[in-house]
Amino acid sequence: MPRLTDARKDLRRAQITEAAMRCFGRNGLERTSIADITAESGLSTGSIYAHYRNKAELVQASARAALAERAAVIGAWAASETPPDPDELLARLVASKDPATARVAVQIWGEATIDPAVRAIVLDMIDQTRAMLHDCVTAWLVKTGHRNPAEARQHAAPIAERVTALYLAQFLHTALRPPPEETLS
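Residue numbering for the sequence shown is 1 to 185, as defined by the UniProt record's numbering.
The hints are simulated quantities; they were obtained by calculation from the structure and are not laboratory data. Keep in mind that the hints are not guaranteed to be accurate.
As the list claims (entries may be wrong) - List time: in silico BS3-like cross-link candidates among lysine-lysine, alpha-carbon distance up to 30 Å:
(1) 55 / 9
(2) 9 / 97
(3) 143 / 97
(4) 55 / 97
As the list claims (entries may be wrong) - Distance windows between CB atoms, simulated:
(5) 158 / 114: 27 to 33 Å
(6) 81 / 35: 45 to 51 Å
(7) 127 / 172: 14 to 20 Å
(8) 44 / 143: 48 to 54 Å
(9) 46 / 158: 48 to 54 Å
(10) 15 / 158: 39 to 45 Å
(11) 68 / 168: 14 to 20 Å
(12) 11 / 96: 47 to 53 Å
All residues carry an ideal CB built from backbone N, CA and C; glycine is no exception.
Input sequences plus hints: build the corresponding full structure.
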């Protein structure tokens with residue numbers, strides 16, 4: 001059997017992670033089995049286990065994948081000619097939030113209250129998100145507020161803290177809304 005290239009392994013891991021996220025969003029973390037993820041991904045159970053040792057690793061990979069996507073978006077905003085002001089930044093973040101992803105995130109937060117490994121990932125993700133938002137607010141202050149970078153960085157810290165808190169609150173608000181299929185009935 002031919003060995004997978006690194007690029008092919010990355011694609012396969014992404015395929016599995018995306019399938020896991022769909023299952024977690026639909027069924028919840030606790031009620032999703034590896035068999036569900038296998039069926040959703042169209043791969044064999046052996047293929048799943050060749051890339052992830054267990055469901056906990058899939059939860060971790062899903063969380064990291066979501067953060068990587070968010071980092072790319074926030075980084076692009078910070079690098080733009082006119083970065084968004086804090087209100088616009090929060091509005092963009094909220095508008096780009098997927099309800100299924102929000103439900104999974106809140107479930108992961110719940111797991112973080114009892115699992116130290118998941119807690120470390122969640123806290124790291126929040127810290128990274130805050131840092132990205134801090135960079136974006138700093139860029140906004142430098143480019144539109146004409147502040148020097150050091151002053152802008154210092155002034156941006158409490159603003160980024162508030163935007164982060166509001167963004168996390170919006171995740172909970174979005175997660176508590178009924179899924180679209182429930183609102184149709």
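Hints, one by one, checked against the model:
no.: 1; hint: 55 / 9; in the structure: 18 Å, holds
no.: 2; hint: 9 / 97; in the structure: 28 Å, holds
no.: 3; hint: 143 / 97; in the structure: 26 Å, holds
no.: 4; hint: 55 / 97; in the structure: 24 Å, holds
no.: 5; hint: 158 / 114: 27 to 33 Å; in the structure: 31 Å, holds
no.: 6; hint: 81 / 35: 45 to 51 Å; in the structure: 49 Å, holds
no.: 7; hint: 127 / 172: 14 to 20 Å; in the structure: 19 Å, holds
no.: 8; hint: 44 / 143: 48 to 54 Å; in the structure: 50 Å, holds
no.: 9; hint: 46 / 158: 48 to 54 Å; in the structure: 50 Å, holds
no.: 10; hint: 15 / 158: 39 to 45 Å; in the structure: 41 Å, holds
no.: 11; hint: 68 / 168: 14 to 20 Å; in the structure: 18 Å, holds
no.: 12; hint: 11 / 96: 47 to 53 Å; in the structure: 24 Å, violated
The structure shown violates just one earlier hint, number 12.
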